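Enquirer: Read off the chains here:
Protein chains: 4
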Amino acid sequence: MQSSNMKLSEEKVFKDPVHRYAHVRDKIIWDLIGTKEFQRLRRIKQLGTTYLTFHGAEHSRFNHSLGVYEIVRRVVDDVFKGRPEWNEDERLLSLCAALLHDLGHGPFSHSFEKVYHLDHEHFTREIILGNTEVNQVLLQVSPDFPEKVAAVIGKTYHDKLVVSLISSQIDADRMDYLQRDAYFTGVSYGHFDMERILRVMRPREDQVVFKSTGMHAVEDYIMSRYQMYWQVYFHPVTRSAEVILTKILQRAKALYEENYNFKYEPRHFVSLFNEEVTLEDYLKLDESVVLYYFQMWQDEEDSILRDLCSRFMNRKLLKYVGFSPDKKEILSEQLSELFRAAEIDPEYYLAFDSSSDLPYDFYRPGDEEERRPIHLLMPNGELHELSRESTIVDAISGKLRSDHKLYYPEEILLDFSKHEKVKREILAILKGK
Amino acid sequence: MQSSNMKLSEEKVFKDPVHRYAHVRDKIIWDLIGTKEFQRLRRIKQLGTTYLTFHGAEHSRFNHSLGVYEIVRRVVDDVFKGRPEWNEDERLLSLCAALLHDLGHGPFSHSFEKVYHLDHEHFTREIILGNTEVNQVLLQVSPDFPEKVAAVIGKTYHDKLVVSLISSQIDADRMDYLQRDAYFTGVSYGHFDMERILRVMRPREDQVVFKSTGMHAVEDYIMSRYQMYWQVYFHPVTRSAEVILTKILQRAKALYEENYNFKYEPRHFVSLFNEEVTLEDYLKLDESVVLYYFQMWQDEEDSILRDLCSRFMNRKLLKYVGFSPDKKEILSEQLSELFRAAEIDPEYYLAFDSSSDLPYDFYRPGDEEERRPIHLLMPNGELHELSRESTIVDAISGKLRSDHKLYYPEEILLDFSKHEKVKREILAILKGK
Amino acid sequence: MQSSNMKLSEEKVFKDPVHRYAHVRDKIIWDLIGTKEFQRLRRIKQLGTTYLTFHGAEHSRFNHSLGVYEIVRRVVDDVFKGRPEWNEDERLLSLCAALLHDLGHGPFSHSFEKVYHLDHEHFTREIILGNTEVNQVLLQVSPDFPEKVAAVIGKTYHDKLVVSLISSQIDADRMDYLQRDAYFTGVSYGHFDMERILRVMRPREDQVVFKSTGMHAVEDYIMSRYQMYWQVYFHPVTRSAEVILTKILQRAKALYEENYNFKYEPRHFVSLFNEEVTLEDYLKLDESVVLYYFQMWQDEEDSILRDLCSRFMNRKLLKYVGFSPDKKEILSEQLSELFRAAEIDPEYYLAFDSSSDLPYDFYRPGDEEERRPIHLLMPNGELHELSRESTIVDAISGKLRSDHKLYYPEEILLDFSKHEKVKREILAILKGK
Amino acid sequence: MQSSNMKLSEEKVFKDPVHRYAHVRDKIIWDLIGTKEFQRLRRIKQLGTTYLTFHGAEHSRFNHSLGVYEIVRRVVDDVFKGRPEWNEDERLLSLCAALLHDLGHGPFSHSFEKVYHLDHEHFTREIILGNTEVNQVLLQVSPDFPEKVAAVIGKTYHDKLVVSLISSQIDADRMDYLQRDAYFTGVSYGHFDMERILRVMRPREDQVVFKSTGMHAVEDYIMSRYQMYWQVYFHPVTRSAEVILTKILQRAKALYEENYNFKYEPRHFVSLFNEEVTLEDYLKLDESVVLYYFQMWQDEEDSILRDLCSRFMNRKLLKYVGFSPDKKEILSEQLSELFRAAEIDPEYYLAFDSSSDLPYDFYRPGDEEERRPIHLLMPNGELHELSRESTIVDAISGKLRSDHKLYYPEEILLDFSKHEKVKREILAILKGK
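Chains as they are written, first to last, in full-length UniProt numbering: chain X, 1 to 433; chain C, 1 to 433; chain S, 1 to 433; chain W, 1 to 433.
By construction, these hints were calculated from the structure, which means they are not laboratory data. Predicted model, so just to flag it, every value in this text is computed and none were measured. Don't take every hint at face value.
[As the list claims (entries may be wrong)] Quick list of in silico lysine-lysine cross-link-like pairs, DSS-like style, CA-CA up to 30 Å:
hint	chain 1	residue 1	chain 2	residue 2
1	C	421	C	327
2	W	12	S	431
3	W	284	S	12
4	C	263	C	114
5	W	316	X	211
6	W	319	X	211
7	X	328	X	211
8	W	399	S	284
Go ahead and model the full structure; you've got the sequences and the hints to work with.
Expert: Here it is as structure tokens:
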């Protein structure tokens, strides 16, 4: 259908602090941005609870989605266009997939998904294929266009080159979020020479490759990613907020299941508790809704729900100490018992949390698309896997780094008057780990 | 009381994208930041509806408040300290007032204040002096300390030098928000050489003055402020969202007053409708709560409330055209009549909005503290009013600039099938203005 | 000739700190950059003596010339291309004129031109049309191409649109140097939203115009220019170095004319002294040569030349005080007499210097091309002169600002033992002005 | 002596693009900056021939020296001051050593030192201890102060903490040059969070250590250094210019030694050729002088000197291909013979150049001070060597990376008409390596 080629009479721009401007020339893109499903991403933070550690991290997924779109637009319009390996027919598909790749995210996705067994990738697909404004816009291109967009995002699309633009070890998604999250948090990491990386990207049959003259920019990107993981994404204060959030969701569900009488009916949560969430329910969930309930629940009868919600809303987080993973079992048993002795429910007030990351990997059994190795295009036309050429990437390749923390409510422990002995034992264990 | 001097055993820092770091050495400041009233500012955007125009503008008043604090801290610790005109006893007072100056702001302040006759300055005072965590922390300094902090913020404090740090034509508040709002929106305006301005600030009995060698940095600040007003703060798309917001608040109140039966009881709004808001009610109001109701109201029976809420949530804003203020009366009459003929309620779908700003003023009858002229400290020790020395400030001084727009729902007009003639008349008026 | 269209097999880039990269796709441009006349610009500082005030200002005219080229390239390739008002045949001409517009500059142009009656515009023309590598490259395009390039730079070319890209109140030359000089000096001024200005540029028959939606970016550019003039270009310390430089050039010429026997023959200066500079002589002059002589002259017999050169090389500059221009005559007479009484030659040690600038002008009799007013393209297609639409530009338009300083050697004065009375009189005059 | 404590009546500042401002409060520092030996550093580029690769790299050693001073000033005044491990008496010594650490550098140091057997460290010492303005200023502090400053710079001073501020794997020198060289070249590498590193620096008896909470900033610094080495400092185009420069110096000396009759007497070079350079001679050498001679020598009779100088001045550099070090011997022999057959002197037109770098090392036999490992200060007070804590530093620690290029004059080879067969053989070898 011809509207797929419809250009706006005048280019529209969004002022973007990271890429200066995001440029929109296609009517389809403009219309997708205007749909209510896409506008909903304004009410979901890109970095969940990170704003409680880095106060600047208040930016939304709307922000990031536009950024990923803009990067892909620059790649296809400024770098790939006219190259024989690039199929210009995939242009609009690439742009739509870039823009919509996070469409199914809900509020504080990780915790919600874990506790209520949701899957944002499932909902991305539902929104694209279901009865939505987004689907209506996509259908204007062709009857099978929504399915194609979903396939690219789902990494099942036949043209792996298009998939790799959005899902690989160096894709537009990662390039945007590293820079954007660095910008909004204000950290010094996360910077790399994206201009140079874009300039050396070349389309190949089943992937994007990088001219070897840009190898250092790629190395620098990998190091930035590594630093962002450890400095920002795995920050223990953020993890602490995440732990509390998870416990709130668990507690609310447990109360619901034991027929607790909520002061305020948790209307938006019922289908979550029952694990029967429809698309319509899901689209109503955003961070305003969640925070509204957390605020209300500060007045609930149940002291655990009340306390956890108050901690989250007023940033009275849990403290943490490191632990070695081989002692997790025994630590957990010992501390749980002592907590119970002190009348603190370890189910909600004791948490073991581990993070780990591979800075770069040249193979991995798991999610094949996202973990495929990065290939350099050598002057003689050969493709070499990155770690073969880069001393520094070779050195760190496949090196797993982990961090293990246990979380507990310090001020409750310090308050014990009735349980002085228990308190001393707990503190001794925490200090000794 | 000694705790007023209590220093943290180790300085704490907040990573700030604008000032790099905010440094906290005083226990009182650390404790104030941890209060729930201050944490609440995380749930109130610094720029209200501006994020619907500039998607990066999602930063909160928490962000800004820390920034104002940091600027004042640098002035008193790095620039004023040790100078005979500066009374070191006012240091902690200055820091607290800087940190708390926006404490009483609610969600989307301008619209709420206008429709429900609230006053954020009143609530700032209430939070500082009332039964709150903030008040408890301040009392640790001395019994009259909360009152002093409130007086500085209220501009009634006897030491006008302290007041001028926070409320003047070139105060820490403005210096922070210009830079911060520029950073988050991504616009190129809002930049000026704050380092230089800080370095030339000098304490005088009743005000901060500026060494004349820094005059150009001050000029540049004034121009930045002017640009930010017209580029960002008065942006007509932001004003459009503001108009819709105001109409929602009006409509909800009108429905309440006519005993409309809300599907979902507007619990948090009742005291607003009745104009009997207590401090406790007020502290529960944040943007999550407001957005929660707006989302619920998209399912209300009342078509106006439903439509307005849907417009706000999904960013289907009103269109605008300019108008000349001398024709406002007649335009309003003509269009109202035609709107009614077309079955559109002009009360909610037609709005006249005017913005105006003085880039700099050397006198003004109104709010004396904030509008006092800026004084330069000349090499011979005299004070000269800025516009006397600066050609460029003199040129623009007192020049009022205004902008007038009328807002209307374009897509409703374009849909008229029943009212073709009315539609044509309306469009003719809008085009001809 | 077809080589005019010859594209490089692969785009070449220059890493540029201001524009990120300068992109070269045309073989002609690449070859021009490689000529020895263009490479010579590496040995001429963009800001002459400014590095003695702002130590970062060590960048060369080579730097700036590439920047002007890159701006014009972006205008013609990204903004003008495909618009009916733009003649694609003028593309290469525009690029060459942008690149070469400063080709005839010599070392410390202003002083040399003043003392030795040179004219860099004359030499630009000579280099383009004479027996040079540049001329050879340009001839590859067509026999009349060198003349066309010279005409654009000389502002006599028939297509005034092309001329206005390089010579107007808002041209690529100014946009580059404001940003570049700000970057290298490190001052906070000189920033404006060039991206936005480029996006709103539109070609018209005889000039570039600016869509009115970009008016604020244009206003901001004008303010940046104003600030850069007063903060950087007219800085009195820079002027002081300029004064000494001028006096050195005068002294050397005076000595030559009185047949003074130079220890080291001033080979490169002879044709300057005689005002018979050939193109070949001129091309050998660069800052290394000038500084070489200044260093040698520190060992000359003549105490004035020796002292002035030592001052310049070792940055022992003249001090300054302001004066009012109406007293210049009398001050000059009084001080000259007293200097002579103290055995200081006022010819070389007393200087009156005035700077003045118009921030923006909507008309001027003088150099018509560069001073033509800036026009905004209104939504209805009309052109409005900028100050008609901009309150702030209107306010400062045509406002001349001036600064007047007199320079003198403070440490010589303070050293007077023989002339105590004269010294006191001089100091009294300088203080009283 | 009391002048050592003399403070300026008002702080002086230098606008610095990298650190915003360099602040000077001590009269000694101010006076040192004003000496002619320090001002001479304005005429020596920080990065030698790098400006021929990155046109922005035109900044001088003056620039960098002020930057190193400013970093040390911030460390001692903002971080170390008041800590028991820090001896406030070493403050001025640290500042002077920082400011003067590069004082003995001459023009294009590396090439000059190699060819003429000079040593800039020797001259730094000579300038500090000899009959100079710098020595006079330092003597105002105390009779042994010049010797102490020289000892710190020479790494023989007893207080190794002071030495480590300026000479270690993470010293003020490196922190300044990485950032400064990144700024002026415009590359994206070279950025790291110096603010954070400064904040975690702690004085210990014999070295500066880093609180382990800042480990990631230190890691990032090490990666930045690695990238700058390979992206900027070892860039093959820069190396090519360096090769030509070295060959010019060799050729001039060889000609002098064979009593060649120079058209222009190489006055400033005679003591270099004879390896009898006095301090006075050395101080007259700067880049203007060198470039002056190179320009003159473009007119010499000797075709090799003439050609090499013309190549350097007009940037007609040598081409390069990689080679494997184990084939260097045989390649050199083969090519030398063929070059001679083609009447090209391989002595001047064939060069083998290798670069290598250790990103970080935890031990090394050589220069002990500069290579001492970096130590982290753990929360329990222990010191741990960096690579023990950092996965990533451990991975790259001690990994030597090398690059090998051979340089040759491509356009001469391509011009061969007489030697077609030789040419083909040479090109075959170069292609095959």
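Enquirer: Against which earlier hints does the structure fall short, listed by number upward?
Expert: Of the numbered hints, 3, 7, 8 do not hold.
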